[in-house]
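Trainee: Given next are the chains, with one letter for each unit.
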Amino acid sequence: MATEAALVRDRAADSRRRLLTLDNRYLPPLLITSILLGAHLSYGILEAWYTTALAIGTAIGAELLMGRVTYGKWPHPASAYISGISAGILVRSPLLWPYVLVSLVSITSKYVLRVKGRHIWNPTNFGVSAAAFLAPATVTVLSIQWGNAIAPMIVIWVLGSVIVWRVGRAHISATYVASFLFFSWVTSLITGTPWSATVAPITGPMYQLFIFFMVTDPKTTVRAKFWQCVVVFLVAFVEMILRLNQILYAPFYALFIVGPIAMLVDIWSAGIRSQES
Amino acid sequence: MTPNQRQRIAWFAWTIVLVSSLVAIRVLNSQATASAHESTGGAPADARFGFRLEESAKALGVDFVHQGPTFDGRLAHIMPQVASMGAAVAVADFDRDGWQDFYVTNSSEGSLNRLYRNKGDGTFADVGAQMGVADVNQRDTGVSMGAIWGDYDNDGWEDLFLYRYGRPELFHNDQGTRFVAVGEQAGLPKWVNANSATWLDYDRDGRLDLFLAGYWADDINLSKLETTKIMPESFEYATNGGRKYLLHNRGDGTFEDNAAALGITSRRWTLAVIAGDFRGTGYPDLFLSNDYGVSELFANREGKGFTDVAQTTGVGRTPKSGMNASVGDVFNDGRLAIYKTNISEAGVLVQGNDLWVPGNSKLKTQNSNTGTVEYENLASSMGIEYGGWSWGAQFGDLNNDGAQDLYLTNGYISAGERSSYWYDFAVIAVGHSQIIGDAANWPAMKGRSLSGYQRKRLWLNDGLGRFTDVAQVVGARDTYDGRAVALADLGNRGVLDVIVANQKGPLLIYKNTVAPGRHWIQFELEGEPGSTGSGRGSSRSAIGAQVELHWKNRKQVQQVTTASGFSAQNQRRLHYGLGDADAVDRVVIRWPSGREQTIERPAVDMLHHVKEPFDSAQGRPDGH
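Listed in order, the protein sequences are those of chains A and B. The first sequence runs contiguously to residue 277 in the numbering used here. The second sequence runs contiguously to residue 624 in the numbering used here.
What the hints contain is simulated information worked out from the structure, not anything from laboratory work. It should be emphasised that the depicted structure is a prediction, and the values quoted were computed from it without experimental measurement. Even glycine gets a Cβ: it sits at the ideal position worked out from N, Cα and C. Errors might be hidden in some of the hints.
Short derived list, chain B residues pointing at chain A, Cβ under 10 Å [stated by the list, open to error]:
| id | residue |
| --- | --- |
| 1 | W442 |
| 2 | V584 |
| 3 | V588 |
Now the stretches of chain A that chain B is said to cover, found in silico as 3 or more residues with beta-carbon under 8 Å [to be verified]:
| id | region |
| --- | --- |
| 4 | 27-33 |
| 5 | 84-95 |
| 6 | 126-134 |
| 7 | 261-274 |
Whole structure, please, built from the sequences with the hints as guidance.
Mentor: Next up, the structure:
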């Protein structure tokens with residue numbers, strides 16, 4: 001009886017906790033929405049709400065359609081929401097079609113570019129990299145500031161850090177930041193450019209999205225914690241190589257190159273382990 | 001169907017969607033910048049487009065080459081950027097001989113500005129030194145950035161206001177015989193790092209007031225820096241630029257700054273300004289094209305104050321790198337659109353230029369003091385969005401077909417042809433204010449180009465909302481680092497010639513030859529300040545007057561302006577092409593004083609001198 005009573009108490013406590021605790025799936029969407037709202041209300045970063053709405057709508061619509069048709073059930077839209085809002089923020093174009101097509105490519109890549117049931121590119125990274133590469137005359141990727149006050153930046157970094165820690169990905173973000181700082185110092189030594197200039201990009205908004213949402217994407221990172229850190233270290237390294245060749249969208253391209261290779265190795269090694277067992 | 005089969009079919013379908021989307025991105029990108037808006041090759045230009053341009057500066061006796069400034073040695077590593085402006089041109093008939101003269105600025109210490117007098121025989125002579133407006137670039141005064149003409153004392157002679165990175169100066173025109181510097185006694189500010197200014201009669205008292213817009217902060221002397229923390233604090237949200245001055249003309253040769261008192265406290269980095277009655281209130285508003293941020297549109301509240309309505313009207317919602325402000329009636333429907341240039345560099349920064357076209361709400365609020373207007377950016381749909389690193393642009397009917405065309409010059413820094421500074425520029429531009437704001441942090445340029453050697457644009461307006469770039473075909477083929485463009489009928493031939501001031505490059509004059517059989521008409525207005533007992537008239541220069549021409553069921557409005565474009569001023573007389581029409585129905589002149597004058601069936605193919613009528617109701621043009 002005492003055990004049953006204890007179980008009932010535990011269940012009741014669990015229920016209360018669930019009421020007070022947000023599902024982890026909603027944390028990244030909440031953070032990215034907060035960032036967008038804060039940045040727009042402070043600095044009006046969006047040329048028009050409808051471009052972001054277009055990107056989000058396309059992403060969610062494509063996800064629902066493709067998920068339903070492919071698996072026969074409605075997928076959770078949180079992931080598509082992040083892809084759409086990221087595309088809406090990152091893509092900069094005076095035209096409308098890039099917002100639609102980048103979102104569509106991002107989501108579609110999840111359903112097409114798969115190996116053993118796992119998609120190997122981060123969807124937004126794939127879409128944004130494709131657009132930056134294929135449409136340089138009409139699409140650029142957010143590479144400017146959202147204002148210049150330090151306070152909002154600190155808020156975003158603190159909030160972001162708490163959330164990636166909460167979802168167990170803080171080590172990835174931290175490793176990437178440390179690697180970036182190190183390689184920007186190496187770049188400075190090689191090129192003679194002031195370190196304050198080579199480190200400048202990480203103070204911009206593009207990197208906040210990159211650090212908190214792209215490199216930490218659970219679906220497109222390898223399984224082991226140690227190797228997750230190794231992968232982002234390699235991303236930062238490839239990024240440095242690209243930057244030394246003056247390629248502006250280096251972080252996106254670096255993740256585009258390193259990410260799927262790491263995923264393939266991870267899938268391959270998991271296959272071997274499963275055969276051995 | 002099993003789940004596996006369904007998934008396989010779905011995979012094929014999504015693969016097609018993915019590949020199609022990637023192809024679409026590529027194709028749409030190509031279409032957006034391709035030759036749909038550009039015409040090359042084929043028959044001779046005058047046969048195809050009704051005109052051709054021929055660069056003729058030297059043949060006209062003009063051999064001016066702009067010399068750029070050199071500032072404090074601590075800026076040496078980015079000198080091409082901080083010293084990237086100063087080439088300017090302003091047109092006026094300063095000696096009232098009926099021929100258009102022009103003033104060009106130089107920008108290195110000790111260099112001479114030039115005043116080119118039109119000799120009337122198709123050539124020009126530099127009279128800058130003898131007229132006293134040449135030797136104006138010294139360390140203690142600063143170096144020239146531009147100039148504007150305007151008859152501030154209503155004596156009938158165009159005076160010259162010079163703005164510098166330094167002390168602004170006002171030159172009084174002594175009946176076309178010499179210029180006398182009167183800036184100090186006029187009460188002008190001691191030091192303003194300005195790239196733009198305009199004359200306007202903001203309170204309609206019949207006297208020209210002066211708006212002067214700072215770019216760099218006023219406490220900076222670029223030749224003698226106290227700190228390297230002088231750069232914009234942000235690439236898109238900078239508000240640490242120069243102060244703005246609205247210098248009210250007291251009528252006794254002195255001015256007082258009313259900017260703050262009237263609500264203009266902006267510290268944005270202004271590169272161009274244009275004044276005009278954009279809301280149909282009868283009072284001139286001010287549009288500011290700002291670098292490193294959003295534009296501003298200061299709505300004039302009957303001369304008693306200004307309110308920035310850029311957000312609500314739509315023109316100030318997106319921060320870009322504004323460098324030009326000019327107006328044109330692109331649809332021939334009586335609406336003045338504002339053209340603002342920005343930066344477009346493939347793969348790095350695609351801001352696109354803006355064409356702000358007012359909605360019809362303006363028409364409903366005509367003559368309303370609370371007039372509101374909403375603008376829509378139609379640059380993309382009209383094909384005038386991409387112009388590289390765009391600078392000065394002017395509207396004018398270059399082929400006399402009855403529609404206003406658009407000439408755009410561009411190019412920032414042409415140095416090493418195979419090396420680009422863009423990567424480093426983009427990297428520093430994203431940095432936090434502590435990084436971007438300090439020139440010491442900026443990577444060295446090391447002789448590299450930044451959007452250099454660019455192809456110019458001359459967009460021909462078909463009158464139906466579509467522009468076609470014909471620059472290469474008609475002869476505008478230079479690739480200098482263009483800054484200022486001015487349009488003027490230099491030969492009194494009934495055509496608009498094009499003057500282009502290039503940074504650290506030669507002044508170009510594109511002489512225009514229009515195909516025969518195309519008619520035209522021109523108007524030169526003269527206000528009558530204080531001419532009536534009951535009210536004030538317009539300033540003698542009639543700056544701010546709007547002239548609406550009606551012919552063959554078409555109408556086109558133009559405005560008398562001073563500053564237009566970037567560091568430029570067109571001729572004050574207004575030029576209209578008429579196509580094959582050999583008659584005009586009427587012309588309606590809205591004088592700055594508020595009077596409206598109608599002239600029925602003015603003769604075509606000639607210039608009309610129109611004086612503001614003495615009677616308030618019925619216009620009585622004279623001096624034909």
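Trainee: Tell me, in ascending order, the numbers of any earlier hints that this structure violates.
Mentor: As far as the earlier hints go, 2, 3, 4, 7 are violated by this structure, in ascending order.
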